[in-house]
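**Q** So the chains spell out like this:
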Amino acid sequence: MMSASTEAHEKGSPDFVVAHHFDSADTQFDAGRLGIWLFLVTEVLFFGGLFCAFFIYRNWYFDSFVEAHHHLDKQMGALNTVFLITSSLTMALAVRAAQRTKRSETVNMLFVTFLLAGCFLVVKYFEYTHKIHDGLLPGAMFSAQGFATQHAGVFFAIYFVMTGIHGLHVVIGMGLILWILIRAHRGDFSSRYYAPVEGVGLYWHLVDLIWIYLFPLLYLVG
Amino acid sequence: MAHADPHDHGHHSHGPDHVPHVTPLPIYLKTFATLVVLTVITVGASYINLGTSVNLALALIIATTKACVVAAFFMHLASDHKFHTAVFASSIVFLGIFVAFTMFDTSARGQFDAQKKNRPAQMTDPFAKATAAPSAAPAAAAAPAGATKAGAKP
Chain A
1 MMSASTEAHE
11 KGSPDFVVAH
21 HFDSADTQFD
31 AGRLGIWLFL
41 VTEVLFFGGL
51 FCAFFIYRNW
61 YFDSFVEAHH
71 HLDKQMGALN
81 TVFLITSSLT
91 MALAVRAAQR
101 TKRSETVNML
111 FVTFLLAGCF
121 LVVKYFEYTH
131 KIHDGLLPGA
141 MFSAQGFATQ
151 HAGVFFAIYF
161 VMTGIHGLHV
171 VIGMGLILWI
181 LIRAHRGDFS
191 SRYYAPVEGV
201 GLYWHLVDLI
211 WIYLFPLLYL
221 VG
Chain B
1 MAHADPHDHG
11 HHSHGPDHVP
21 HVTPLPIYLK
31 TFATLVVLTV
41 ITVGASYINL
51 GTSVNLALAL
61 IIATTKACVV
71 AAFFMHLASD
81 HKFHTAVFAS
91 SIVFLGIFVA
101 FTMFDTSARG
111 QFDAQKKNRP
121 AQMTDPFAKA
131 TAAPSAAPAA
141 AAAPAGATKA
151 GAKP
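Chains A and B are the protein sequences, given in the same order.
In terms of my numbering, the first sequence has 151 at position 151, counting the first letter as 1, and numbering is strictly consecutive.
In terms of my numbering, the second sequence has 128 at position 128, counting the first letter as 1, and numbering is strictly consecutive.
Just so you know, these hints were derived from the structure itself, not from any lab.
Stretch-level coverage of chain A by chain B, calculated; a stretch enters the list once three of its residues show a Cβ under 8 Å from a Cβ in chain B:
hint, stretch
1, 19 to 33
2, 78 to 88
3, 93 to 103
Just so you know, even glycine gets a beta-carbon here, dropped at the ideal spot from N, CA and C.
Could you build the full structure based on these sequences and the hints that come with them?
**A** This is the structure we're talking about:
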C-alpha cells in the first residue's frame, strides 16, 4: 500500500497544487468537503419545502391522496429505487477507485453510474407519458375523469413538481458525472487529489437519499 | 469501525499530501445489500393494510434507516469529521421544526371558530364572563370565522 501511495505521488494528478492560503493538502481537502456539505444542507431545506407542502395537503385532502396514489405504478417506482441505489453503490466505488489511483476502474464505475441514471430517467419518461395520456396533470391541466374525491389534482401537482425537480437533479447529476468521467479519463485524479469525484459523489448520494423518501411517500403511502 | 487500514495513521496528520481514508469494499457491498433488503421490505409492507398512520410511520422509519445507512457509509459520515455530521444533522433539525410548526397551524385552522363565536374575545377585558359580552359581538365574529374556514381550504 505504501509503495502504491508513493507511486501515485509521483505520477498522479500532475496539475494538483495546494493553494497558498491552506496549511496543508488535508486542510484544503476538508474545506472543500465542508463546502459540499453546506450545499447539501441547502438542498435538504429546498426539498424540505416541497415535503412540507406534501404533508399539508395530505392532511387536508387525505382521501384524495389515498385515491390518487393508486394511479402511480409501484413496480416502476421500485425499479427506479433499485436503479438509484445501485448507482449510489457504483458512485461510491468510483470514489474508492479514485482514492486508490485506479484510473480505468474510476472511469468504468462512473460510466455505469451514468448509465443507471439514464435508466432512471427512461423509466420516469414512461411514467410521465402514461400520466399525460391519462390527463393526470397538475392544476388546470388536470382532465382525468372518474375520481370519487375532489382534490386528486392536488396530489398530481405535488407529484409532478417533486419528481420533476428531483429528475432535474438527476439530469444535472449526469452532467457532473460526465464531467468528472472525462477528467478521470484524462488522469486528473489520484490518491493525492480526488476532491471533485468525492464532491459529485456526495451530491449524487443526496439525490438518491431524496428519492428514498419520495418513493414511499408518493408511491406506497400516498 | 474495526478494520485494518494502513492509511488510518496518516489521516489528518497535516503532512504535505492528502492521504485518503479508503473504506473496505465489503462495507460498501453490505450497505448496498441493506438498502436492497429495506426496499423489498418497504414495498412488501405497502401491500399490507395496517391502518394509514401505521403504514406511514413504518414507511418513514424504513426510509430514515436507509437514509442513515447511505449517509454513514456511502457519504462517509461514519469515518469523516464529526462536524460534517453536525452540519448535516442541523438541516434535518430545522426541517423538522419547519414541518412540525407548519402542521400545528394548518391542521388546526378553523378548529376554534365555534368557540370564538360563543365567547368573543374582549380585548379590553379578556377575563369577562361570556354572558357579559355585548350582543353585537357574536354577529361580528361570525363573518371573519367563516372567512377563515374558507381560507383554510382554498
